[in-house]
Amino acid sequence: MLAYALKRLAFLAISLVVASLVIFLVVEVAPGDPASYMLGINARPDTVAALRAELGLDLPKHERYLSWLAGMLRGDFGTSYTYRAPVAQMVAERLWVSLPLALYALTLSTLIAFPAGIYAAARRGRAGDMGVMAATQLGIAVPNFWFAMLLVLLFALKLRWFSAGGFPGWETPLLGLKALTLPALALALPQAAILARVMRSSLIDILHEDFIRTARAKGLSRRQALWRHGVRNALIPVLTIIGLQFSFLLAGAIIIEQVFFLPGLGRLIFQAITQRDLIVVESVVMLLVFAVIAVNFLTDLAYAAADPRLRSRT
Amino acid sequence: MTRNLLLGAALTSVFLVAALLSFVWTPYDTGAMAIAERLRPPSAAHLLGTDHFGRDILSMIMVGARTSIAVALVAVGIGMGAGVPLGLAAAARRGGWLDELIMRMNDLIFAFPSLVIAILITAIFGPGATNAIIAIGIFNIPVFARLARGAALPLWKREFVMAARVAGKSAPRISAEHILPNIANLLIVQGTIQFSLGILAEAGLSYVGLGTQPPVPSWGRMLADAQTMVALAPHVAILPGLAIVFMVLGLNLLGDGLRDRFDPKLRSLRA
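In the order they appear, the protein sequences are chains A and B.
Here the first sequence is numbered in the working numbering, starting from 1179 and rising by one per residue.
Here the second sequence is numbered in the working numbering, starting from 259 and rising by one per residue.
Keep in mind the hints are simulated off the structure, nothing from the lab.
Bear in mind that the values here come from a model prediction, so they are computed numbers and not experimental data.
No residue lacks a Cβ here, since even glycine has one placed at the ideal position from N, Cα and C.
Please note that the accuracy of each hint is not assured.
As the list claims (entries may be wrong) - Negatives, chain A to chain B, calculated, CB over 10 Å:
#	residue
1	ALA1191
2	MET1216
3	ASN1220
4	PRO1223
5	PRO1238
6	PRO1264
7	ARG1301
8	GLY1309
9	LEU1352
10	ARG1394
11	LYS1396
12	GLN1402
Unchecked claim - Here are the simulated lysine to aspartate or glutamate pairs, EDC-like style, with alpha carbons at most 16 Å apart:
#	chain 1	residue 1	chain 2	residue 2
13	A	LYS1239	A	ASP1211
14	A	LYS1185	B	GLU358
15	B	LYS427	B	GLU417
16	A	LYS1185	B	ASP365
Only chain B is shown next, with the shape it has when bound in the complex:
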């Protein structure tokens, strides 16, 4: 299904471009308040209207995209950076105590309700984007560790890996040179899924006031501010939410599309 891939890539690109563009240009300054212009519906001057401080919503969404993407991207980076080596090590020492330890620790992190722990971490160490990143990132570690281990295990029985072992290469070197390239596709697909979950998690944490702090615009924060205004000016609540939906939808479609592209066998089995 290249349709998924194209639609997903298109949606994701729109937000990526908007986020990058926001570094050099936004229609209005997101720090500038204009109370006289507050809660204006979409118009030619403000394409998506203004919020309760008279700030331009399009500009806020553009800068918010930057925040969301940055938080989710670093959180996926943490998950991959720690999870993949752990998973590869577990697979290399399959059946041994290291494997057992790594997998049990993964089970344990999985057993925690992630959002509750994220709330705990950000609440205790103070709300803010950095703590949100750490909280979301920690829960990406077991996802990637499990995936890397599961995908690496059958590879260790393949001829090319045995040949490398006979040639005297060490287990870490085999993992890095022969196993990793063969599981990279899977990791990329999972990466897009975790990325979309990260966007949702960041929005949720910011919504309850534990994520990105004002005045930095973030989609979750915008929704929290809009909550009491929803009857007066529905667009203030609807538009940032749509941004989240389209971004997450885009990433999920991209993930599905990439999975189909990488592994045609899965096409018929897709959930």
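In isolation and in its complexed conformation, chain A is listed as follows:
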């Protein structure tokens, strides 16, 4: 297990280095100089040069890459070109919206998918199963930002149960949670459809295993065998998918935040892009990539801990 963990850790480190290089280079070749953008088209060349020096833009590329990397390791993400504020602080503020949103969506998606998947597997081939499968087929095809608009139309504009957008902050936690409910639901639905299908097929596979037959032979009812032995064993692949879904939810949150005007990482990144605030773009993207790679790493470890056969495979 230790050897496996170390191997995965090495891969994690290499992934992060390569990811940081790719992100840095992509942003580097981007047209448009941040300094001239900040000062406008009428700026004098010497003013632009002075600002470039102040921002450290005149340094050679490899020096800037290394200092960016070293800063990130210390938790210093640099200073925003436009807002003159520490990027780490800006990201931390926005994270208080995006992270709860992704976790909320993950919870909803699991709460919808588990019962649906188990129900469908238990009634395999019957009308209930067909119904769930048809619903998931539709759920996968629905773009989440469009579903978000439909939710706004129904629950905010017609029924007036929720506001159509905006975020009141966490001073009153219930109000904050309420503001995130429609966005989380929009994010969760397509993921729940995928998860329900995985849950169903995983459970169907497990129900064919010998130990289920043994459990039934020992006198357990179908229902008991399903819950005591089936669901528990079927959870392993499902947990992996949940880990992978985290990345979709974080990325999806970027678009959903646009629909609901939420001040999260998505809004930050789009603002930064239009203002050519490249250091913010770099740092936010790197942070998202780091989160995804780290979650995948943890999922791998959890998976290997649960199923020893996997350790030898990679």
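Chain A is fixed; fit chain B onto it per the hints.
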């Protein structure tokens, strides 16, 4: 389940025909604005109503289908064109450094949140259909590489491949002449799935303004424009979304149906 296949093929064909037809004919010119006719609900004159510039929504959806299909198709082409040869090469040199390198690079691309990188690429190099295609296409490469490698590996142990090796054929030639035809079915099925994901990705990028640029109609763009109009004229927001749903649903059903047709064994195991 031929029902899936038929329904999927029918839905997909409707959009394909609409897209092709839009090259020669649409009910109205999508560039023509008629402010007096704005936000009209569906009627005999405008079957799907008009948008906030008075443009005919049916015509916009037809031309939008063209955009979506073109972007997704080229992105799948990029994924297959680069991914399949890489996967086949990895399988031919299984266990070697080339295999290891290709697979690790695949893992790496998989580790990136695809939409975030797509947003990064289109944002940095400028929004537009071409950059959207590249961004979506890059993430199709590891999908096809992994699939091709996985499917090719067991084939390398089969008698007909050994016979070809004994006959002195080179590994690339065996891959092209004997392996590829045997995995083509799988690739086609995955192709339809990636195609549907490409449609969703293009819509998402266009929705946030990073994909297809106006005045070229695209479904995601139409939804973005409709967002502020949703209370006044819900049809403006609902119809383009339905187009996306039916197109993606059609492709997914087509993929499922083809998979069942090609590999009856999978029928009982379908997720």
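Hint check:
1. ALA1191: Given that every Cβ of chain B is farther than 10 Å from that of A:ALA1191, nearest at about 12 Å, it holds.
2. MET1216: Since the minimum Cβ distance to chain B is about 17 Å, A:MET1216 lies beyond 10 Å and the statement holds.
3. ASN1220: holds (24 Å)
4. PRO1223: Check passes; 25 Å lies beyond 10 Å.
5. PRO1238: holds (21 Å)
6. PRO1264: holds (22 Å)
7. ARG1301: holds (15 Å)
8. GLY1309: holds (15 Å)
9. LEU1352: holds (26 Å)
10. ARG1394: holds (20 Å)
11. LYS1396: holds (26 Å)
12. GLN1402: Fine: 25 Å to the nearest Cβ keeps A:GLN1402 off the interface.
13. A:LYS1239 / A:ASP1211: Roughly 14 Å between the alpha carbons, so the hint for A:LYS1239 and A:ASP1211 holds.
14. A:LYS1185 / B:GLU358: The hint holds at about 14 Å.
15. B:LYS427 / B:GLU417: holds (14 Å)
16. A:LYS1185 / B:ASP365: At roughly 14 Å apart (the allowed maximum being 16 Å), B:ASP365 and A:LYS1185 satisfy the hint.
The structure is consistent with each of the numbered hints, conforming to all of them.
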